[in-house]
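Colleague: If you want the building blocks of each chain, they are given just below.
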Amino acid sequence: MAQMKFMCDAERCIECNGCVTACKNANDVEWGIQRRRVVTLDDGAPGEVSISVACMHCDDAPCMAVCPTDCFYKTDDGIVLHDKDLCIGCGYCLYACPFGAPQFPKQNAFGERGKMDKCTFCAGGPAETKEEEYQKYGANRIAEGKLPLCAEMCSTKALLAGDAQEVADIFRQRVVRRGHRDGGWSDNQRRERTRAGQSDDLSAADSLAYDAARQG
Amino acid sequence: MSHFIDRQSLWRLPLFALLMVIGLAVSSNVLAQADPEGEAATAVPALDADTWRQVRSGETGPNFRDSRADSDYNLINASGETWRQLRNRWVSPFGLIAVGGMIVVIALFYVIIGRKDLSAPRTGRKLLRWPLVVRSLHWTVATLFIVLALTGLNLLYGKFVFRSLFGDAFWASMISASKVAHNYLGPLFGILLIVLLARVLKHNWPKKHDIVWFMKGGGLVGKEHVDAGFANGGEKAWFWVLATVGIVVIASGLVMDFPNYGQGRDTMQWANILHAVGALGLTALALGHIYIGTIGSEGSLEGMTTGYVDETWAKDHHNLWYEEVKEEAVGEEQLAREREGDSGDAAPTRPS
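For the protein sequence lines, the chains are A and B, in the order given.
Read in this note's numbering, the first sequence has 135 at position 135, and its numbers run on one by one without any break.
Read in this note's numbering, the second sequence has 161 at position 161, and its numbers run on one by one without any break.
In isolation and in its complexed conformation, chain A is listed as follows:
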């Protein structure tokens, strides 16, 4: 059983917003809603980084935990989907989500928000017919054996989508080849060693990793 995940390699993302456009196009997303967004930290500064974010299809999804109608469910592939027929537009999923993924077409008085919309990992949603599914949730590329269009269209392949193990393997290789002392996301490894009172010199581990990558 696969466990589908997105992963954005922040050091490759060039803030082109191609993923946002691809998503809107593939899923015919409602006007005013953008299922994917690109966040840039320290924009214009030397350390600027951009990350593309959408629903991260959490293992322990907060939206699912707080939904009053229980409209969320997880597919066998670990994709978090929701049933728009059950959604009442209360906004609780929006309060709870760490990634700002759930969005609403409206924001009117008396809590009239319409039905929540979010990234489906291009896996559609519950519906009677294909047409209804497309109209409500957008494309079901997963059913066609394809991955989400945002990742497929990513020009620098910063955005990866697929089975968690596969994505992790690709990223691990990148980290090794890229040659950073600590790789992609943080310097946890070094911090852990410092905490444990060990030397923070990881060159032995690094060179082992280089060798492995070179042989592979």
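Because the hints were derived from the structure by calculation, they are not lab data.
By construction, the Cβ of each residue, glycine as well, lies at the ideal position given by its N, Cα and C atoms.
Heads up, none of these hints are tricks.
Quick list of the computed label-pair ranges, beta carbon to beta carbon:
id: 1; chain 1: A; residue 1: Gly114; chain 2: B; residue 2: Pro131; range: 44 to 52 angstroms
id: 2; chain 1: B; residue 1: Asn260; chain 2: A; residue 2: Thr21; range: 22 to 30 angstroms
id: 3; chain 1: A; residue 1: Gly44; chain 2: B; residue 2: Trp240; range: 52 to 60 angstroms
For lysine-lysine, the following BS3-like pairs were computed, each having C-alpha atoms within a straight-line distance of at most 25 angstroms:
id: 4; chain 1: B; residue 1: Lys315; chain 2: B; residue 2: Lys208
id: 5; chain 1: A; residue 1: Lys84; chain 2: B; residue 2: Lys179
id: 6; chain 1: B; residue 1: Lys159; chain 2: A; residue 2: Lys84
Here are a few chain A residues that face chain B, going by a calculated C-beta distance under 8 angstroms:
id: 7; residue: Gln34
id: 8; residue: Asp42
id: 9; residue: Asp43
id: 10; residue: Thr69
id: 11; residue: Asp70
Could you slot chain B onto chain A? The hints should help.
Modeller: The following block gives chain B in isolation, referenced to the frame of chain A:
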């Protein structure tokens, strides 16, 4: 290919060869520079711990950009998890304990101690306690309160019971109706509750004898008489709970009900917690209020339905008030005559 290398361009060949040699020399230099260890030593990690600390703290600096329109969200909404834990781990279970516990306590109280009966037979002479306007307000607010409490409880707990019980189709309309009713009736309840509170405020200023009333447990247990004016200590406490917690519940409800004013996600999270805690507390206390007003004590309900209470009831529960207004008591027959003559609330005695 052949027409490119014709006789006239043959002189270019040595120049081309020279360029090739220079090119190779430069590229071998580049190859020598592409040394992973060297790169590792000089590379500046784009993502350092400070960046992640900033993201986690929820701050959005001036150099923060989000490609989504109108979005001021940070990369990670750390407050969402706090709200989730507060709601699901604390508010939800303890709300159930508060409301369910109150039902159990009241049931036990009724079974063990039972109804508070009148200490003497009714005299048949009646005193006006609640004029028509207060009664209308009370029952409107009460009905709205019950509707809001039930729909609110459904929004918090309904999914654990009704979805599996009735199936998705019914559950969808049930929960949708709950939300719509809650959101549209809520503001109406808020306005009417404030009007009602303003109308009965004059009866509810705390007095010295209220402290004694509380120290003696309100006389709910036993036969002891406790001094009370128009409103006793318990009624005043209920009034002031509604005037404080009730207002908080109304205000926080409005914050969530009108997202069109653009209040932030964090504001609505706190509004939700305040709203849920306050409303669950009020629901639990309202059960006590309903019990005392109906089956809990003899002769109380008629004050809020007919507007009149019996002299004996007034002496039992509001002796100080009775001393003030006992001259205005009217007989049952006279009251019935007045009712026939004027189907409205004639209110011959002084309005309260």
